[in-house]
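Here is how the chains run, residue by residue.
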Amino acid sequence: MDANELLAWARGPGFDIALIIFVAGMLLRLLEVISLGKKPDLSAPRGSGVEGGLRTLLARSLPRKAVFDREPLRIINGYVLHLGFFIVLFMYGPHIALFQSILGFGWPALPSGVIDAVGAITILSLVAALVFRLNNKVMRFLSTGGDYVAWAVTLLPVLTGYLAYNHLLLPYTTMLAVHLLSVELLMVVAPFSKLTHMFSFAMARWHQGYKAGQRGVES
Amino acid sequence: MDDLTLSERLRQRGVSRRGFMKFCAATASMMALPPLMIPKIAAALEKARRPSVIWLSFQECTGCTESLTRSHAPTIEGLIFDHISLDYHHTLQAAAGDGAEHAREAAMKENWGKYILVVDGSIPLGEGGNYSAIAGISNLHMLKEVAEGAAAIVSVGTCAAFGGLPMAKPNPTGAVAVSDIIKDKPIVNVPGCPPIPTVITGVLAHFLTFGRLPELDHLHRPKVFFGQSIHDRCYRRPFYERGQFAETFDDEGARKGWCLFKLGCKGPTTYNACATAKWNQGTSWPVEAGHGCIGCSEPRFWDAGGFYQALSVPHTKVGETVLTAGAAGLAIGAAAAVLNRKRKAGAVENRETITVKDLSKES
Numbered sequence: 001m002d003a004n005e006l007l008a009w010a011r012g013p014g015f016d017i018a019l020i021i022f023v024a025g026m027l028l029r030l031l032e033v034i035s036l037g038k039k040p041d042l043s044a045p046r047g048s049g050v051e052g053g054l055r056t057l058l059a060r061s062l063p064r065k066a067v068f069d070r071e072p073l074r075i076i077n078g079y080v081l082h083l084g085f086f087i088v089l090f091m092y093g094p095h096i097a098l099f100q101s102i103l104g105f106g107w108p109a110l111p112s113g114v115i116d117a118v119g120a121i122t123i124l125s126l127v128a129a130l131v132f133r134l135n136n137k138v139m140r141f142l143s144t145g146g147d148y149v150a151w152a153v154t155l156l157p158v159l160t161g162y163l164a165y166n167h168l169l170l171p172y173t174t175m176l177a178v179h180l181l182s183v184e185l186l187m188v189v190a191p192f193s194k195l196t197h198m199f200s201f202a203m204a205r206w207h208q209g210y211k212a213g214q215r216g217v218e219s
Numbered sequence: 001m002d003d004l005t006l007s008e009r010l011r012q013r014g015v016s017r018r019g020f021m022k023f024c025a026a027t028a029s030m031m032a033l034p035p036l037m038i039p040k041i042a043a044a045l046e047k048a049r050r051p052s053v054i055w056l057s058f059q060e061c062t063g064c065t066e067s068l069t070r071s072h073a074p075t076i077e078g079l080i081f082d083h084i085s086l087d088y089h090h091t092l093q094a095a096a097g098d099g100a101e102h103a104r105e106a107a108m109k110e111n112w113g114k115y116i117l118v119v120d121g122s123i124p125l126g127e128g129g130n131y132s133a134i135a136g137i138s139n140l141h142m143l144k145e146v147a148e149g150a151a152a153i154v155s156v157g158t159c160a161a162f163g164g165l166p167m168a169k170p171n172p173t174g175a176v177a178v179s180d181i182i183k184d185k186p187i188v189n190v191p192g193c194p195p196i197p198t199v200i201t202g203v204l205a206h207f208l209t210f211g212r213l214p215e216l217d218h219l220h221r222p223k224v225f226f227g228q229s230i231h232d233r234c235y236r237r238p239f240y241e242r243g244q245f246a247e248t249f250d251d252e253g254a255r256k257g258w259c260l261f262k263l264g265c266k267g268p269t270t271y272n273a274c275a276t277a278k279w280n281q282g283t284s285w286p287v288e289a290g291h292g293c294i295g296c297s298e299p300r301f302w303d304a305g306g307f308y309q310a311l312s313v314p315h316t317k318v319g320e321t322v323l324t325a326g327a328a329g330l331a332i333g334a335a336a337a338v339l340n341r342k343r344k345a346g347a348v349e350n351r352e353t354i355t356v357k358d359l360s361k362e363s
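Here the protein sequences come in this chain order: W and R. The opening residue of the first sequence carries number 1 in the numbering used here; numbering runs sequentially from there. The opening residue of the second sequence carries number 1 in the numbering used here; numbering runs sequentially from there.
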């Protein structure tokens, strides 16, 4: 199989397989969680559940002072990593073309030089995240194989995208195919790893916030 | 067949020494050779005798020949083409029928081991190679026979180089490229649908000048012409870098000459010299004319999805896949939910109640 064939496979059957597993897997996982249901709350609400839910959705995106003061670099790195990933994924022209083909609408792209720089920062940030994890005894103890797999499948698309754009390591066509395959790997792994948090974070935050809001406590 | 050298032939045609040197300089720059090589090219070309060329056309559309014959004639490149002894080319030769085949056999015999074989078109292997034949000889048989005595083979066009359109799925004739059959001869691939005329004359000029083929890449293409992608040499590249893309063929972006990536341009994965050599005497080329590159010089470009689908967009029906996968996910999720609830209900039902008595030390 030459580079063109590999690219054609990654843009065709490969993407289809990954997309099916991603969509079906994600819905399956989320449905399972939702269908667990919750016990009826018989007590009279002391506050607004909706308000608590909305507040928590936002509040959990902000650092807690006590945690931030203890490990500020790790918290900042978490922001850099997530924002960097979002910018590279959603603001690069060719990526927007992909979303446009699925959603039917697009949005303006950032200059590719900016994406290139943000991609490099994201790669460094992901490496830093691993260093933080390995350097912290408690985190290392709590880490499972799944954590490292999730880290690797997140790093690969950013890294291969960066290498492809800069014509490094492999011929462009081959690297582009490898980049698409790495994205497909991420799509396959996502529903069955902690990467489900890309969707479930909202559900979890809403649930916690709603409960806290009804009880009239801070969340 | 006269025995004039190229230099004599050019003088005869009224081409000045200055014009000839300009051509040599252009050839050197086109092949990325240092200026020091210009006098050497001139000297070699001046002395060059007519090499015999046998041109075999197999499963093809004659577009490659069209491209060459309608190139810059009557420029010096055209004369270079005149300068070779084209002993067999069934579209261009005057002889027909048996006479044509005799000309080929005679040329082969006379120049055995020295002639250049140019092939355009793919070779069908299906049904014993009987899908395409010339004078009752199958393409497969003729290629093997003529290749045996060739000094080198130039596969002109994507069909000869990589199989081309005849090889497109489902490949009914079992078409293959020249390099799939001939393994023991130096082969230069000059792909393109059609290839750029100056690339052909460049390869021939290189052969005449140095007596050997130019440096080739992993797909046997001359590196000087196929070393860089269309995208990397595209004059619209700055718009790509700025994230400015034409969304349709007649929007503001298209009128302003923005990048055609989103309209399906395959420039990033296509290696060819269109962006620098251009077409029609350097007048323009597809991207300059407002149409994205279709990647015609790459292997399997015909099966690589739609010409108007961006390279980053899958070439399958994504919408349908999402709906199917969504439905499947919901169905499996619902089944899982029912199972989970049953298990939960079962656990509640079978729960053994523990009383204080059970917990007391005496029991």
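Please note that a few of the clues may not be correct.
BS3-like mimics (lysine-lysine), calculated; alpha carbons at most 30 Å apart, straight line [unchecked claim]:
| hint | chain 1 | residue 1 | chain 2 | residue 2 |
| --- | --- | --- | --- | --- |
| 1 | R | Lys47 | R | Lys185 |
| 2 | R | Lys40 | R | Lys114 |
| 3 | R | Lys342 | R | Lys317 |
| 4 | W | Lys211 | R | Lys317 |
| 5 | R | Lys223 | R | Lys47 |
| 6 | W | Lys39 | R | Lys22 |
| 7 | R | Lys185 | W | Lys39 |
| 8 | W | Lys38 | R | Lys344 |
| 9 | R | Lys344 | W | Lys194 |
| 10 | R | Lys223 | R | Lys185 |
| 11 | R | Lys144 | R | Lys223 |
| 12 | R | Lys185 | R | Lys169 |
| 13 | W | Lys194 | R | Lys342 |
| 14 | R | Lys40 | W | Lys38 |
| 15 | R | Lys40 | R | Lys342 |
| 16 | R | Lys317 | R | Lys344 |
| 17 | R | Lys47 | W | Lys211 |
| 18 | W | Lys194 | R | Lys317 |
Derived from the structure by calculation, the hints contain no laboratory data.
* To do: Could you grab the alpha-carbon distance between Lys47(R) and Lys185(R) and see if it respects the 30 Å cut-off?
  => holds, 26 Å
* Asked: Keeping to a limit of 30 Å between CA atoms, is the pair of Lys144(R) and Lys223(R) held or broken?
  -> At roughly 27 Å apart (the allowed maximum being 30 Å), Lys223(R) and Lys144(R) satisfy the hint.
* Regarding the pair Lys223(R) and Lys47(R), is the alpha-carbon distance no greater than 30 Å? -> The hint holds at about 26 Å.
* Asked: Within a Cα-Cα threshold of 30 Å, do Lys40(R) and Lys38(W) meet the stated pairing?
  -> Violated: Lys40(R) and Lys38(W) sit about 87 Å apart, past 30 Å.
* **Agreement of Lys47(R) and Lys211(W) with the hint, judged by alpha carbon distance not exceeding 30 Å** => violated, 93 Å
* Decide if the proposed pair is consistent with the structure: Lys211(W) and Lys317(R), CA atoms, cutoff 30 Å inclusive. => violated, 42 Å
* **Hint consistency between Lys185(R) and Lys169(R) [alpha-carbon to alpha-carbon, up to 30 Å]** => holds, 28 Å
* Asked: Are the Cα positions of Lys185(R) and Lys39(W) separated by 30 Å at most?
  -> Measuring from Cα to Cα gives roughly 79 Å; hence the hint is violated.
* Given hint Lys344(R) paired with Lys317(R) - CA-CA distance at most 30 Å -> Not satisfied, since the Cα-Cα distance of roughly 40 Å exceeds 30 Å.
* Asked: Under the criterion that the straight-line Cα-Cα distance not exceed 30 Å, is the pair Lys342(R), Lys317(R) satisfied?
  -> violated, 38 Å
* Quickly compare the C-alpha distance for Lys194(W) and Lys342(R) to 30 Å and report which way the hint goes. => Between Lys194(W) and Lys342(R) the Cα gap is close to 26 Å, so the pair holds against 30 Å.
* Given the hint that Lys344(R) pairs with Lys194(W), test it: the Cα-Cα distance must not exceed 30 Å. => Satisfied, since the Cα-Cα distance of roughly 24 Å is no more than 30 Å.
Checked against the numbered hints above, the structure violates hints 3, 4, 6, 7, 14, 15, 16 and 17; every other hint is satisfied.
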